[in-house]
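There are 2 protein chains.
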Amino acid sequence: MTQTAQLVSEAGVAAVARRAREASRVLATLSAEARNEALLAAAEAIAESKERILAANALDCRAAESAVAAGKMSAPMLARLRVNERGVAQMAAQVRGVAGLPDPLGRRLAATELDHGLVLYKESCPLGVVGIVFESRPEVVPQVASLALKSGNALLLKGGSEAAHSNEALVSIWRDALGRCPGLAQVSVNLLQTRAHVLELLALERDVDLIIPRGSRELVEFVAKNSRIPVLGHGEGICHVYVDRAADLQKACGVTYDAKVQYPAVCNAAETLLVDEAIAAAFLPEMVAKLKQGGVEIRGCPRTIALVPDAGIALATEEDWSTEYSDLILSVKIVSGLDAAIEHINRYGSRHTESIVTEDAEAAARFMTEVDAAGVFQNASTRFADGYRYGFGAELGISNSKLHARGPMGLEGLTTYKFKLFGNGHTVAEYAKGEKKFTHRPLQ
Amino acid sequence: MTQTAQLVSEAGVAAVARRAREASRVLATLSAEARNEALLAAAEAIAESKERILAANALDCRAAESAVAAGKMSAPMLARLRVNERGVAQMAAQVRGVAGLPDPLGRRLAATELDHGLVLYKESCPLGVVGIVFESRPEVVPQVASLALKSGNALLLKGGSEAAHSNEALVSIWRDALGRCPGLAQVSVNLLQTRAHVLELLALERDVDLIIPRGSRELVEFVAKNSRIPVLGHGEGICHVYVDRAADLQKACGVTYDAKVQYPAVCNAAETLLVDEAIAAAFLPEMVAKLKQGGVEIRGCPRTIALVPDAGIALATEEDWSTEYSDLILSVKIVSGLDAAIEHINRYGSRHTESIVTEDAEAAARFMTEVDAAGVFQNASTRFADGYRYGFGAELGISNSKLHARGPMGLEGLTTYKFKLFGNGHTVAEYAKGEKKFTHRPLQ
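Order-wise, the sequence lines are chains C and L. Going by this note's numbering, the first sequence runs without a break in its numbering and finishes at 445. Going by this note's numbering, the second sequence runs without a break in its numbering and finishes at 445.
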């Protein structure tokens, strides 16, 4: 058992969460300068500890290689686990990058004079304690630890057991670096390592404010089902590209190909192509040929197959329309037009990201208003749905929820707000009796 | 069985929710003018239907009077149920007021040029379908129906059975008025009436985006426990007033009295008074005398009793510190200072609203940063925590959640946002290969 995991086992997750809550109260009082200095110290510690991180990772990779050989782990999982020298340098660079982002705390979101001498401010502040459950990739540790520190939150982390040594080394380096910063509690980042710990974590409503599961759909569903703590994440990414009758077919071809082929394993890749019947004959044969060249297996509706009969397209089943392939497979359906496309997407989509290819601004506007998704795009690949590409500087994950954070979540996803009211002995009774009246004057 | 309830029973709640989802798609496309016209039509219909509403309410009140006589219902519950002529006029006026509020939809929350010809907007939009479960007061129907319509959301409403006739009349009048507005689906407001319907509702994750329970702590906990749909509300309001050593004692006395006495039955009334030991002797005797004059029962810590021995103060138990009395009862504790006050509040408070009375700006700043609550006040009564007093124009409820909406919720609580991305055939591959670079230029 590793060092921090042993600490958790001895104290129990509830005690660790309570200490994290106490740490979060301290974090909330730190200035932006103090938080950024701590981030830079952590970045330096990571860079300096390269050998230790690589050695720990080598231990994990050796065990994983045996697991792959025994058919108990997939090769891509091993690939995600592996960290090299460049990876360590990137981790440190990312932490430094987070230090350079604007401060998410203390932002004045609204200011109103309620009456003379009675002023209300709405100000951003940390959530408090955040639990993050993730799989495989060790670089998640410095990534989420830096976002949490930047936003003044304490963290309970649970990584996959396959990365136990790597995660342990990273958390331990992080804690040591923070221990050297005045006023900063080491316990602001804590590592859990067993599934039993996760179950304990999910029950700690009073001391954990948010859980973010990052990983498989099964993981996200398990967490959501077993906790009353708010959960943000996405179970599925069933994204569509709809090629409208008014599409520029060259753009349509480029966007569709990119959305499917550029990186098919991720949630913002397209799973289904919808094609307006008015341009299907002009568009589909060439598109299908290009996709097949890219190694894409196509499953089509009967009309698609009839239109491109020699392409060896399999018949799509009802299940195909609600399947996230995460692979070089694309389902294709010819629809009667915009209305049918919107209806199909609202029925089968996962509300993640949806794209229309059209030169018709009105069709685009209708698509964007009526499609119920975090991202609605015109003439752009669904693959743009990402915190870095959106310019957030960092991504915590992607949320399919409509509440709090929707779509790619940046630092803002780790903040909430409070109302600060400054008075001079003001009481409600005078207003209730009509002796005083509110001014409700917006300030600035 | 009333008319709309019968419709629900025949179709099933799932079918009603599906129709509400369809209605929500139409609502999302309506202009602000169309929504406001519909609100004015509904307000007029309510005013014109005064006799019908009063007659339905009389039926409910007659049954409630028997229930009160038989000891099966409390007198305050009957009082909340009763609607008079002035009440109907107020309902209509409130709906007109909501029509006059700024449009919460289509607000541009951010705009960024990602690259030349690739522009990202973050825009507010409706949540979709909202379920509201409430008790007793029939005026909740037009209140939440108007907020939902203003924000483009469809509604599933469940009122208490004691108000069945009143609610049925109000929903039916509302639906008839909407039926006369072009493009507006009558089914955007739906009434459920049995507890079985509520249980069905709580399972409809796909077609219901948010549940707001308004009522007893038991109701809120029942809803939260039985649903995976996001829930916003507050189970408890355990609010504190802390009188600091640097307090102006006259302000302290006024704020404390108002926070406890002005309306003790509501969630933003104070339940516990914390007093800095440095000013306890100067402050408490007079404060206790005034509270007792106001009919307040006091439960104190041993030091409080020792300080005011002749006031008949009962000894507060551990349970008192976490009890929401909702009545003319106040627990009082002498603490060693600011740190102890903050610790007590973070331990026992319900994160609703907390007030410090002090002339020391630094103490107030620390209190506001370190106390974990939706509202943190200086020199003002906790009773100000309210959507109308905050200037939101309308209140949907108060949230103790830190996610999405915190504190008094106005129209904004019924909206989410989407990311709209406008491109010109942009694909991710070029950026991944380094052939293109993002500009990430904030617009406006």
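Keep in mind that the hints were calculated from the coordinates and are not lab data. Just so you know, not all the hints are guaranteed correct.
Just so you know, same-sequence chains aren't split out, so a pair can sit in one copy or run between any two.
Lysine to aspartate or glutamate pairs mimicking EDC-like chemistry, simulated, CA-CA at most 20 Å apart [as the list claims (entries may be wrong)]:
1) Lys291 with Glu124
2) Lys123 with Glu201
3) Lys226 with Glu206
4) Lys252 with Glu436
5) Lys123 with Glu320
6) Lys123 with Glu413
7) Lys123 with Glu436
8) Lys123 with Glu371
9) Lys437 with Glu360
10) Lys291 with Asp311
11) Lys123 with Glu278
12) Lys437 with Glu325
13) Lys73 with Asp311
14) Lys226 with Glu201
15) Lys434 with Asp249
16) Lys51 with Glu371
17) Lys438 with Glu38
18) Lys226 with Glu436
19) Lys434 with Glu237
20) Lys293 with Glu325
21) Lys434 with Asp116
22) Lys291 with Glu431
23) Lys434 with Glu344
24) Lys123 with Glu363
Identify every previously stated hint that the structure contradicts and give their numbers, smallest first.
The structure conflicts with hints 1, 2, 5, 7, 9, 11, 12, 13, 15, 16, 17, 18, 19, 23, although it agrees with all the remaining ones.
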